[in-house]
Amino acid sequence: MHDTDRALNTLKELGERIIQPILDENFPVLEIPDRKTDNIVFDETLNQFVLGPSSVIRDSSNVKHVRSFAQLTWTAAFAKELIEAARTSSLRDLYYSSEAFGVKFRNQSESDRIVTDLECITGLPREGFGIYPEEHSSIYGKVRMKYIVPGYEGREIDLTISPDGLPIGPALMTAEPVDSDAQIVLAVESGGMFSRLIETKAWDRFSAVLVQLGGQPPRATRRLMRNLHTSLGLPVFIFTDGDPWGMHIAKVIMSGSANAAHIRNLTIPSAKWIGVTPEDISEYALPTESMNNQDLKRLEELSRDVRYSGREWQNHIRDFKRMRVKAEQQAFSRYGMDFVVDTYLSDKIL
Amino acid sequence: MSHQKSQTITFESISPAEFFYRNRQMAGFGNPTQAVYSTVRELVENSLDSCEDAASLPRIEIDIQDDTSDNIIIKVFDNGCGVPSDEIPNAFGRVLYGSKYSQRQKRGTFGLGVTMAILYGQITTDSPLIVHSKTPDSQGMLYQLLVDVENNEPIVERSEELQRSENGTTVTVTIKGDLKRAYDRLMDYLKLSVISTPHARISLTIGDNVVNHFGRFSNTIPAPVIASLPHPRAADLEMLRRLTQKNSSKTLHDFLCDSFQRIGPKTTARFLRFMNMNPHQIVGEMTREDLTKLGTSLRSYDGFEKPDSGCLSPIGKQEFVRSVASQFNTTLTHYSVRGPSEWQGNPFVIEAVLATGDDFPRSDTPSLFRFANRVPLLYDSSDDILTRVMKRTRWARYNLHTAVPVALFVHVCSTRIPFKAAGKQSIASVPEIENEAQLLFKELGRKLSKMTTKVQASAREIKKMREFSKSFRQIVRFSASLAELENVPSTENLVQALFEVDTDA
Chain A
1 MHDTDRALNT
11 LKELGERIIQ
21 PILDENFPVL
31 EIPDRKTDNI
41 VFDETLNQFV
51 LGPSSVIRDS
61 SNVKHVRSFA
71 QLTWTAAFAK
81 ELIEAARTSS
91 LRDLYYSSEA
101 FGVKFRNQSE
111 SDRIVTDLEC
121 ITGLPREGFG
131 IYPEEHSSIY
141 GKVRMKYIVP
151 GYEGREIDLT
161 ISPDGLPIGP
171 ALMTAEPVDS
181 DAQIVLAVES
191 GGMFSRLIET
201 KAWDRFSAVL
211 VQLGGQPPRA
221 TRRLMRNLHT
231 SLGLPVFIFT
241 DGDPWGMHIA
251 KVIMSGSANA
261 AHIRNLTIPS
271 AKWIGVTPED
281 ISEYALPTES
291 MNNQDLKRLE
301 ELSRDVRYSG
311 REWQNHIRDF
321 KRMRVKAEQQ
331 AFSRYGMDFV
341 VDTYLSDKIL
Chain B
351 MSHQKSQTIT
361 FESISPAEFF
371 YRNRQMAGFG
381 NPTQAVYSTV
391 RELVENSLDS
401 CEDAASLPRI
411 EIDIQDDTSD
421 NIIIKVFDNG
431 CGVPSDEIPN
441 AFGRVLYGSK
451 YSQRQKRGTF
461 GLGVTMAILY
471 GQITTDSPLI
481 VHSKTPDSQG
491 MLYQLLVDVE
501 NNEPIVERSE
511 ELQRSENGTT
521 VTVTIKGDLK
531 RAYDRLMDYL
541 KLSVISTPHA
551 RISLTIGDNV
561 VNHFGRFSNT
571 IPAPVIASLP
581 HPRAADLEML
591 RRLTQKNSSK
601 TLHDFLCDSF
611 QRIGPKTTAR
621 FLRFMNMNPH
631 QIVGEMTRED
641 LTKLGTSLRS
651 YDGFEKPDSG
661 CLSPIGKQEF
671 VRSVASQFNT
681 TLTHYSVRGP
691 SEWQGNPFVI
701 EAVLATGDDF
711 PRSDTPSLFR
721 FANRVPLLYD
731 SSDDILTRVM
741 KRTRWARYNL
751 HTAVPVALFV
761 HVCSTRIPFK
771 AAGKQSIASV
781 PEIENEAQLL
791 FKELGRKLSK
801 MTTKVQASAR
811 EIKKMREFSK
821 SFRQIVRFSA
831 SLAELENVPS
841 TENLVQALFE
851 VDTDA
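Protein chains in written order, with my numbering: chain A, 1 to 350; chain B, 351 to 855.
Quick caveat, the hints were computed from the structure, so don't treat them as lab data. Be aware that a few hints might be false.
Claimed, not checked - Only part of the chain A face toward chain B is listed, based on derived beta-carbon distances under 7 Å:
#1 Leu30
#2 Ile32
#3 Ile57
#4 Ser60
#5 Val66
#6 Arg67
If you're wondering where the values come from, they're calculated on a predicted model, not measured in any experiment. Think of the CB as a built atom: it goes at the ideal place given N, C-alpha and C, for glycine as much as any other residue.
All chains, full assembly: derive it from the sequences and hints.
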C-alpha cells in the first residue's frame, strides 16, 4: 500500500503547511500551479502537456480567497478520510458530502475545480485520493485482470465475463493485467458501435480489447488503456465520429487535455486515430450532415492548438473545413450491418 | 301688471355666534362624531395654552361620561393659570373674544373654538357650561353659563365662590355626540398631542375607568414666548385702521416706530423718504386713501428686516426626537429645521422628524403626521400643503423603497398659521411655507439616504466578517485534522486584527 501512504503523507504535509502559520499568528498562503491555457506547455521528454512555471496565490487573509481556501482544506480532509476508510467517492458524492461539514459549493463544477486544485497542489491525481467521476465507460475483451482493491485482493476477472461489457471503475482501474490473448486495444466513441463490435465478434476477429469511451473518456478509462498499452504492449486504435469533437477525443488520449495537464501517466502518444477521417467520408461516400457554427468554430480553435501542429492533423482540419460536412460512426450502416467490421475496420487495422 | 305678489325683502344682521352656529361645520362641529373630537380638542388646547402662560408642566385630565341618550358630558381639568373671575363669562360665553389676538404662537387663534363647543352643547342638549377656575388671586370661582346666541353675549345662570385646591380651570360641557365613533380619532389626537407638547401629561377617563395616560416625555418647560408687535409687512388696511384710531394724535413717524417691530427711527425715515410721505402727518387725519397707500407701501417695501422669531416656540430637536421615539417604536430618527422665515410678515419655523420603525406602514412615501403650533392636525390631510409637498418629493431618490417603514412628523409654527378653515385641520398653500417644506423634506431625505447607505454598508461589513470567520474556522479545523493536531487553535485574534485593519483603511 505504498501509494496510499504517499497520499496520506502528502495530505499531512499540506495540513502542516496551513496550520503552522496560524499557530504563529499568521494567515497561511498557498501557491497553486496556474491551469490557464497559456501556462500549458508541451514537455518533449514526457511527450505530454504539462503545466508551466506560473502559479496563483490563494491567500487566506483575502476575503475573496478565504472561501475557496476553506473548500480546498475541507476537500483535503475529506480525501484523508476516504483513504483511511479505504473508501471511494464520486465527484458528485463529494459535492453533496460537503454540506454535512458546513462547507458550501455553489454547484458541482465549483467542487470539481477545487478537486483539481488539490491535484495541482499535491501533484497527485484525484484517483489517488479515492475520488472518481461518474463512470460511463466500459471494456470488453480477452484480458484477465487481478483486483487489488480491499475485499477483492487477488481475485481475477476475465473481461469477457459479460456480453454487455464491464464498467470501468476504480477497482478495474487499479487492477493489474495478468495475461491477454488480445493484440490491440480498440477504443470506440459510441455505445452503439461498442455493442455492434461485441455482437459481431469483431473482438475475436481483430484480437481486440474493446473500450467504449462514451464521449470524452474519464481518466480512469484513459489510465486503464494506458495500463494495457504499457504492461501488455498492446497498440491502441481509436475510432470516433468524423467531426472535430471526435477527432479531439482521440487527441486527448494521445497528448492529454488542458484540464489534466498537471497529471502524469495518462497519455498514450503512440495511439492511432483511425477515423472517421475527412478522407474516409469521401472515400466511403458516407451519408453526411453539414457542419454548424459551433463545429466550424471548434475547427478554428483546434487549428491553432499546439497539439495539432503536426502536418497530418493540419491536413485533417483543412479537409474538414473544405468539406464542411461531418459523419457519425454509424454512417457505415448504409452499406449493411457488417460493413463496418468486414470492410472498414479490416481496411484500417489489418 | 300681473297679480304676482311682490316679495318683501327684509335685511337683518346676525351675530357672530349665530353665524358660526349656522356654519358649524366650518369650525369642526359638522356631525356628532366630529363634535366630540372638536370639543375635547378645543378644551385641551385652551388648557395647554393656559399652562404655557403659567409656565407649569401641564397636567390635563379629561373625563368623559356617556349617558344613555347620546348626551356626553366632557370635563377637562388643567393646572394652568386660571381665568380671572370677571373675565370668565366673556371668555367662554362670547364668540371672537379672547386673549389670543397678540403676535405670538398660540394653539388657539380665533377665540372661537371653546365657545363653539358651548354653543353646540347648549343647542343640542340645552345644558349650560360649568367653569370652575382659580387664579393666584382667588380661592376659586364656579360659573354656570349659557350663550345668548342672538346678541353674542353670555348669560350667567349661577356663579358662586367655590374652593379649588390649585390654580387652573375645569370646564364641563354636555353635548350630543357619538363617542364610539370619535374614540379612535380622540386617541390618535391625544397620542400625537404629547408628541408636539412633550412636557404635558394627559389622562383620559371614559366612564369610571382610566383608559389611558399620555406623556410626559420631557420635564423641560419650553422658554416662554414673547409677544411682539406686528411686522410692517403684516399690516393690512383693517389693522392700520384699528391702530391709527388707537394712536390718532401721533405723527406718522412716531406711529410707525411705536406700532411695529423691526422699524426704528432710521428705518422709518428711510422708508418715508423712499415712499415720499410726510413724517409729520398726524395719523388721525389720514384719509382712507392715505391708509391704503401706506398699507401697500409697508407690504411692498423691501428694506425691513425679517420678523422677530422670539414669539415662536418650536419643539426643538431633542424634545421632538425624544417624543417621537417614546410614542412609536423607532429605529432611526432624523431631525431638521428651517427658518425662521416669514410669510406676509408672519414669522414661521418649520421642523420635522423623519423616523423609521416597525410601527409605521411600509409604503413608497412616508406616513405624514402634521402639527401646527404644537397641535396635531388629523382631518383634511389631502387638502394640506404639507401633504402635497410630501407627495411631490421624490423619496425613491433617497433610497426609500416600499420595504422601509417610515414616517414624517412635520411641525409648522407661526404667529399666524394660514388654515384653510376655522376647523383648523389643514394648512393653505402659501408659497413661502411650501418652499421651506420642500427644502426641509429634501434635507431629511438626504439624511435618511446617507444613514441607510451607512447601515447597509456596516451590515455588509458585518456579514462579510461573519462569513470570513466561518470560512477561516473551517480552514483551521480541517487543516488541524490533516496535520493530526490534537487541539484546534483559536482564530479570534487573527480575524479580529484583520478586520480592524480593514475598517481603518
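Each hint tested on the structure:
{"no.": "1", "hint": "Leu30", "in the structure": "violated (10 Å)"}
{"no.": "2", "hint": "Ile32", "in the structure": "violated (15 Å)"}
{"no.": "3", "hint": "Ile57", "in the structure": "violated (15 Å)"}
{"no.": "4", "hint": "Ser60", "in the structure": "holds (6 Å)"}
{"no.": "5", "hint": "Val66", "in the structure": "holds (4 Å)"}
{"no.": "6", "hint": "Arg67", "in the structure": "holds (5 Å)"}
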